[in-house]
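Each chain is listed here by its residues.
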Amino acid sequence: MLNRDIVIIGGGPAGLAAAIAAKETGCSNVLLIERDHILGGILNQCIHDGFGLETFNESLTGPEYAARFINNFNDLGIEVMIGTIVLSLNADKILEVSTAGKYIRIKTKTVILTMGCRERTRGAISIPGSRPSGVYTAGMAQNLMNLENICIGNNVCILGSGDIGLIMARRMTLEGAHVQAVFEILPYCSGLSRNVQQCLNDYSIPLFLNSTVTEIIGNGRLEGINVAQVDTNGFPILETKRFISCDTLLLSVGLIPENELTREAGIELDPLTGGAVVNDFYMTSITGIFACGNVLHVHDLVDWVSEEGSEAGKNAASFLINGDIGSKENHIPIMHGKGIKYTIPQRVSLKKDFTLSLRIRTPGRDRTLIIQDKENVVMKKKVHHLHPAEMIKIYIPKSSISNSSSLKVTLE
Amino acid sequence: MSRRELTCVICPIGCNISIIIDGNRPTQIIRIQGNACKKGAEWAHQEVENPLRIITSSISVIGGDFLLASVKTTKPIPLIKVKQVMKEIHERKLIAPVSMGEVVISNPANCDTEIVVTRSIQINPVRSVNEK
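Top line first, the protein sequences correspond to chains D and V. Convert by adding 1 to the 1-based position in the first sequence; the result is the number in the numbering used here. Convert by adding 106 to the 1-based position in the second sequence; the result is the number in the numbering used here.
Chain D extracted, bound-state conformation:
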């Protein structure tokens, strides 16, 4: 059995940042495990630009953003196993790992979970119809086009207005496909507004809100889809049903944190995020196991993923050096008031200042976020533009909290 101080599971942006920070904080015995044959995770297939605006103040493509972290990671001489998959993780922090045809066991003092997320599929949203080829999740289509050089179709419709769907609408148009339309069941677009402008409006691709695909039709290859408008409850209005001929359907209908290992280890999960419950050190319910990045909650900007990874890596290393950080008994929970979908962390130790990441439920303008403890308003923050697609981050100094049995966040 191998022995390590920190094992990081996943070599995407969160894992790379965590490994770098752990090493720089003074932990030398760090191992990063990646199941792909290259580091960088999903950034490798995101060849569009717009990454790094917050971190580097420039607009990088995915591979360029990844390269900056990979170079730093390699320069620090951190140990890495690629082409390696973690089969199991238990509460004693023993990992069973499959690598290059070998089975090994690794005992570690701390673990950082950075497995990222996966896409929701046709099955997850139960679209009726036959099962022809030509139906892809948007990220799968992106992988095939940008890494495998495979043409996936010519006449395309897209369900869901998530950012990957919008990016793929532009990408396929530029590569010569005809993208007919994007359909979104919600009354608003779920992607960033700059992507609606640059990916759809620029190429005259219509976005139909309050609309969904009600049937997938085709024998062998996709022949077309039925689409319909939906009522205020999200149910299709049958009179509005129409047939659209197409050979390819992309699904951009959300992401799910990939937490099979987390669940098996017995770590407490938050049904609101799909990820682990963590404290302000990004430590989960099992002492010494940390989580960050998209496996914790789905982010909209990679810059925040790296920042969270860096924070978790630093905390894991200080945990090893200084011993226990924040005993769980004294944590106070963060309660959600009106308009709040979730918060990260879910509970805080109040031993340090912390950043609260949160998402709101519905779009709005000119509202106020209020954070209060048992008696006082701790903080008020005016927000001009609110959208569920855009994560809000608030820095909270511990000195601002006086009565510390609970904290509540509300949107007024």
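Simulated from the structure, these hints should not be mistaken for laboratory data. All the given hints hold, so there is nothing to weed out.
Label-pair ranges, simulated between beta-carbon atoms:
#, chain 1, residue 1, chain 2, residue 2, range
1, V, Gln190, D, Cys152, 17 to 27 Å
2, V, Ile135, D, Glu261, 52 to 62 Å
3, V, Lys181, D, Arg106, 51 to 61 Å
4, V, Cys117, D, Cys152, 33 to 43 Å
5, V, Asn236, D, Glu80, 29 to 39 Å
6, V, Met107, D, Asn156, 34 to 44 Å
7, D, Tyr396, V, Ile136, 41 to 51 Å
8, V, Gln190, D, Lys409, 52 to 62 Å
Please read all numbers here as calculations on a predicted model, not as lab measurements. Beta carbons are placed, not taken as given, at the ideal position from N, Cα and C, and that holds for glycine.
Add chain V to chain D, keeping to what the hints say.
Okay, now just chain V, sitting in the frame of chain D:
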């Protein structure tokens, strides 16, 4: 007179900007409304007169450890030139190795920009022999 509605993409506020245009002369802007800052007005002005975009794509590579080299324009190009620039990108082929930042097309479609590679690609010895 005509009116164009844009969502500003400069920052996350996403102002809804209206631009009133003189219908007789297509690019004559009479008034810009709804922007919260000066940058927004400048952006709206540019959007109406000559919208500029960074373009990213990929070029196939012979004999590399990746099949495709992702590429981008170093400077934004006029939106109306995108089709022509894409045509030049599609016609180009590369041979491994290529390194990140390497210029592979200069001034595509006479635009003041260069197409550079955004991923370094090493030689794959097996593919290198088979694909040549």
